[in-house]
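A.B. asks: Listed below are the residues making up each chain.
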Amino acid sequence: MAQKKIKKNGFHPKIVAFACNWCSYAGADNAGVNRIQYSPHFRVIRTMCSGRVKPGFILKAFQLGADGVLVSGCHFGDCHYIFGNERAVELFEKTKKMIRLLGLEEKRLRLEWISAAEGTRWGQIIDEFVDEVTQLGPSPLVSEKTK
Amino acid sequence: MMDAGRHPNIELLTLSEVTRVDGGAGDFLITVRRHPRGVFEDLCTGCGDCAQACPVVVPNEFDLGLGARKAIYSPFSQAVPNVYVIDCQNCLNGDFIVCENCSRQCERDAIDYDMTPEDVVLQVGSIIVATGLDVFDPYLMKTYGYSLSPNILTGLEFERLLNASGPTKGHVIRPTDGKIPKKIAFVQCVGARGENDCLYCSRFCCMNSVKDAMLAKDHEPDVEEITIFYSDIRASGKGYEELYNRSRQFPYIKYFRGKPSKIIEEPGTRDLILYVEDTLTGKPERIRADLVVLASAGRPPGGTERLAKVLGIKLNSDGYFQNRGEDGQFLSSTREGIYLCGCARGPEDIPDSVAQGTGAAAEAGKHLAEDRLPEVEEEIPQISTDGPPRIGVFLCHCGINIAGVLDIDHLQEYAKNIPHVVHVQDDLFLCSDGGQKEIQKMIVEKGLNRVVAAACTPRTHEPIFRESCARVGFNPYLFEMVNVRDQCSWVHSLEPDFANQKAHDLLRMACARAQWLQPLRVKKIGMQPETLVIGGGMAGIQSTLDLKAQGFTVHLVEKEKGLGGRLRDLHRLYPEGRLARELLQEKLGQLKASGVNVLTKTEVTDVKGYVGNFEVITTKGTFKVGSIILAAGADVYRPQREYGYGKMSNVLTNLELEGILARQESEIKIKGQGVKRVAFIQCVGSRDPEKNPACSRFCCPTTVKQAIALREKGVDVAVFYRDMRMVGHGAEEMYQKVRGMGVLFIRVPDAEKPKILGKKLAQGVEAFDSMLGEKVEVEVDAVVLAAGMVPREPDMTRLQEMLKVPRSPDRFFMERHPKLGPVETTTEGIFLAGCIQGPKDLADTMAQAAAAAGKATTLVCKETIALEPTVCEVDEMLCRGCGKCVAICQFNAPELVERSPGIFVSKINEALCKGCGTCAAWCPTEAISAKHFTDRQITSMIESLFQEVA
Ligand SMILES: Cc1cc2nc3c(=O)[nH]c(=O)nc-3n(C[C@H](O)[C@H](O)[C@H](O)COP(=O)(O)OP(=O)(O)OC[C@H]3O[C@@H](n4cnc5c(N)ncnc54)[C@H](O)[C@@H]3O)c2cc1C
Ligand code: SF4
Ligand code: SF4
Ligand code: FES
Chain A
1 MAQKKIKKNG FHPKIVAFAC NWCSYAGADN AGVNRIQYSP HFRVIRTMCS GRVKPGFILK
61 AFQLGADGVL VSGCHFGDCH YIFGNERAVE LFEKTKKMIR LLGLEEKRLR LEWISAAEGT
121 RWGQIIDEFV DEVTQLGPSP LVSEKTK
Chain B
148 MMDAGRHPNI ELLTLSEVTR VDGGAGDFLI TVRRHPRGVF EDLCTGCGDC AQACPVVVPN
208 EFDLGLGARK AIYSPFSQAV PNVYVIDCQN CLNGDFIVCE NCSRQCERDA IDYDMTPEDV
268 VLQVGSIIVA TGLDVFDPYL MKTYGYSLSP NILTGLEFER LLNASGPTKG HVIRPTDGKI
328 PKKIAFVQCV GARGENDCLY CSRFCCMNSV KDAMLAKDHE PDVEEITIFY SDIRASGKGY
388 EELYNRSRQF PYIKYFRGKP SKIIEEPGTR DLILYVEDTL TGKPERIRAD LVVLASAGRP
448 PGGTERLAKV LGIKLNSDGY FQNRGEDGQF LSSTREGIYL CGCARGPEDI PDSVAQGTGA
508 AAEAGKHLAE DRLPEVEEEI PQISTDGPPR IGVFLCHCGI NIAGVLDIDH LQEYAKNIPH
568 VVHVQDDLFL CSDGGQKEIQ KMIVEKGLNR VVAAACTPRT HEPIFRESCA RVGFNPYLFE
628 MVNVRDQCSW VHSLEPDFAN QKAHDLLRMA CARAQWLQPL RVKKIGMQPE TLVIGGGMAG
688 IQSTLDLKAQ GFTVHLVEKE KGLGGRLRDL HRLYPEGRLA RELLQEKLGQ LKASGVNVLT
748 KTEVTDVKGY VGNFEVITTK GTFKVGSIIL AAGADVYRPQ REYGYGKMSN VLTNLELEGI
808 LARQESEIKI KGQGVKRVAF IQCVGSRDPE KNPACSRFCC PTTVKQAIAL REKGVDVAVF
868 YRDMRMVGHG AEEMYQKVRG MGVLFIRVPD AEKPKILGKK LAQGVEAFDS MLGEKVEVEV
928 DAVVLAAGMV PREPDMTRLQ EMLKVPRSPD RFFMERHPKL GPVETTTEGI FLAGCIQGPK
988 DLADTMAQAA AAAGKATTLV CKETIALEPT VCEVDEMLCR GCGKCVAICQ FNAPELVERS
1048 PGIFVSKINE ALCKGCGTCA AWCPTEAISA KHFTDRQITS MIESLFQEVA
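From first to last, the protein sequence lines are chains A and B. Heads up, the first sequence is in this note's numbering, so the first residue is 1 and it goes up one at a time. Heads up, the second sequence is in this note's numbering, so the first residue is 148 and it goes up one at a time.
Please note that a few of the clues may not be correct.
Stated by the list, open to error - Reference listing, derived: stretches of chain B covered by chain A, where coverage requires no fewer than 3 residues with Cβ under 8 Å from a Cβ of chain A: (1) 602-612; (2) 636-644; (3) 651-662; (4) 1062-1069; (5) 1073-1087.
As the list claims (entries may be wrong) - With the C-beta cut set under 8 Å, the calculated list includes, among others, these residues of chain A facing chain B: (6) Phe76; (7) Phe92; (8) Leu102; (9) Asp131.
These are computed hints drawn from the structure, not numbers from a lab. Owing to the predicted nature of the structure, the values given are computational and were not obtained by experimental measurement. Using N, Cα and C, we set each Cβ at its ideal position, and we do this for glycine too.
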């Protein structure tokens, strides 16, 4: 498992993680069944498919103060709705461009495919992402607001 | 698995064995011995506290001994039912020692050490055997030293290494030193194809190794070289050849034709040395590897013989259950009313096993037609949920699973301050009967109109809670769940402060969402009880017979004069050697006796409507049906002047040879000329990266079948091949037979095609023999091209236009999911049977046909179908008719309709919509709302996350 790096001045990021019902949410449950321990600094929002996650949701999260957003779904070929995840990629790429315009680092937005059996991987990805966002520090949008 | 576990008409008897069968088809009495579990299934919640308390550690058989488990354990993390079991062999508790650690720990008192075996008697109409297979244990093979070196694994063991939830968490390591292996060797056909008393080819191992080789590099980029030692790579299944081709493009994967004669572990380094002759060069080589994976073949599982005796059915020469293929009943055992599917019949891959499973269920249904369980439904008066939200929050302790990490008292206090929350309550086990009754009571007593439960995962428990809400007339879609166990207390137990903070946030978010939930109602639409089958080949005939046998009305539409399709052109069928014509006559006889409506010389011209209510317009009238089965078959590839076809009169296709063989003359004649020497050329129109990369699967066994027929008439035969892909039951055995008959097999390289010699007539074939390493020339009187299968045009295009069923990259019709829905299409109510979905032999065609009939049955047996209300809806006021949703949707649910002249709006058909919500994400005007996952509901969660309660 990824080694946890030292947190910057006790900063814990706020991360929103969208997870599709059939694979990645199930993968997160699988991590639980296997009692895998990983970072708690994220909050899951369940959707039926990763294809449901529209740019508006992601932008809203960033505007309100999210330090990072994860979109997760089934591996290609496994989407319960066939190509929902491929559609998700297209929207994701668009959203990525938009957050750059907002002055956010691209690394704050991440897309991952996790299957229902990949509990360990779910934990690893969350750990990695939390570390990465912690390194980046609080979202520039948040510091602007609090200034 | 979860669906099966939850289905009201399915009773799962695990840890059980059938010990006796009385009676007969339609009325069996079976005795089942239930072995003691030591744990009450209805009490255990699968929390695992007992296992933590258990002091005994033993190797875990699910991880093939590579990991560890306790003496009380859950067999694997996704087990259904998710109930623990005591392993009596290893449990310490007994007459002399009192351990009882686990029962003391179990808050539910679910453990009973004194359970005894119990016999139950069940009355059933039919029996399906789905006992699968074991893999061959190479332990006894001296040559490969599997028992001597831990660095030699079986394919199944390697799979566990690759699994992220496996013993190494997905890392590929060498068992002796835990290092990442630089060089991995896969050895194919271990214990198969003539080795260790096993004649057959195990079918799944080639593709498994191809896939695992690619995955190994994915998991460990430090792996440098993966060599696959093979005899033939049998990539013959839909999409398999394409995957194989992809694997060949990676420089780190090497294919080595040859089978190691022995493998020895080098003392000291513990590396493995493979002694192998390269059959392509004839050179003996010594190859070093860090890790060896033996692609071990399938074997009938232990207890198969005993089960066969109990059931009174026969086994075949390979030791699997015998099917009645010679009668065209590939899923029937030798006893009426007992059916077979999957690897119980012999090794299969997943798509075929799933299709057979569905097919066997359809066959089994024939004996149950009269006992079909009616759907009972009680009307419960709905309670009003209008007015401002009144949220009730229920917090579950789940014993100590949640309460051990989360401070429930504090959470309770916290919940009281969340807006709209009017009631908060906790419970030791919310899902217990008592807990559910509390929810019901409070809904009524406190006038709740939203219920939020903070407990385990909605994936398993939401249906349970929804159901108890519905019982008191509370709309189940006003129930919301917070996952504070699987995704909180279980995974952050080392950081309880953060876990508590997270639980607060999640609960607040759920309550925010709850206030925006809307009551939804399940809608019912009528179901036309009839089915229409398009195509009257063997697939269409079988589907029709199966549906009719269950008492449903079927219409069979065939565009030609006669029924039978391809079978009319064939001589004898492999592997049984049955005359095709005879089998066809038999099936046609059954069809006639069944009295179904057969329409020959008829074509479908248009299809309207949707599941349950299709309107099919044909040249002989219009039919209203509930479901449609597509069985329009495939064409045989017509060579485009390749190999002199069309120019030289003695070059013909395999299909044309069938016609000649069917004449059954004592001497083989082509165009009146006697023929003494014939050469076959394989893969014509198949496995060609430009034209058609797929392997057609049936042509190798067909060539062998034809070669046998020719040899029996004294004709000399040579076969020019790339890999001999003898897929299917009995195929490998046939191959071994023909090799004993003096047929010349000449292996040619993929890139260098054989050449036909001669001007007007083919006189010889010249090719590079990759085994001899030189050019060879064979004189011939005729050449047979093993032509593959291609989609039937223009029929396919026309059907596609009418039905909007998508096609796979190989241009055959696409199944909903290769493994989960091999006979379904993306359109509800339209199913696939036979070669229309991809090339296959008769056994696979018939299994699929039965499966398609089974799927159609589950639809047309109902009077109405319930539509899940969590679908998408268009607000016509906002829609500007751009058609984005129509383009996005995979299920053809949205459609543009003309509201007023020239003004189009989208309308989503709730019978077709699956509720993924993808269209809602794309709609530029936010006109589409995804019910139960609306923009409002989701953004309210985001907003509340960043809005602490005062
Ligand atoms: C040369 C050769 C040898 C073979 N040998 C063997 C063997 O020995 N053993 C074995 O197991 N398998 C063998 N097979 C494979 C076997 O023939 C097929 O698996 C099987 O016949 C496929 O049946 P089907 O019903 O899917 O298709 P088909 O038999 O092709 O039937 C499709 C039917 O649909 C009709 N149709 C098409 N379009 C429409 C339309 N638009 N409307 C209405 N009707 C339509 C067609 O006219 C036809 O009657 C062989 C195949 C070939 C080509
Ligand atoms: S001849 Fe047919 S079955 Fe054999 S490898 Fe070629 S395409 Fe596949
Ligand atoms: S929700 Fe999915 S299935 Fe329904 S109409 Fe939209 S894209 Fe199609
Ligand atoms: S259902 Fe998981 S990505 Fe579509």
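A.B. asks: Let me make sure I understand: some of the numbered hints might not hold for this structure. Which ones are they, in numerical order?
C.D. replies: 6, 7, 8, 9
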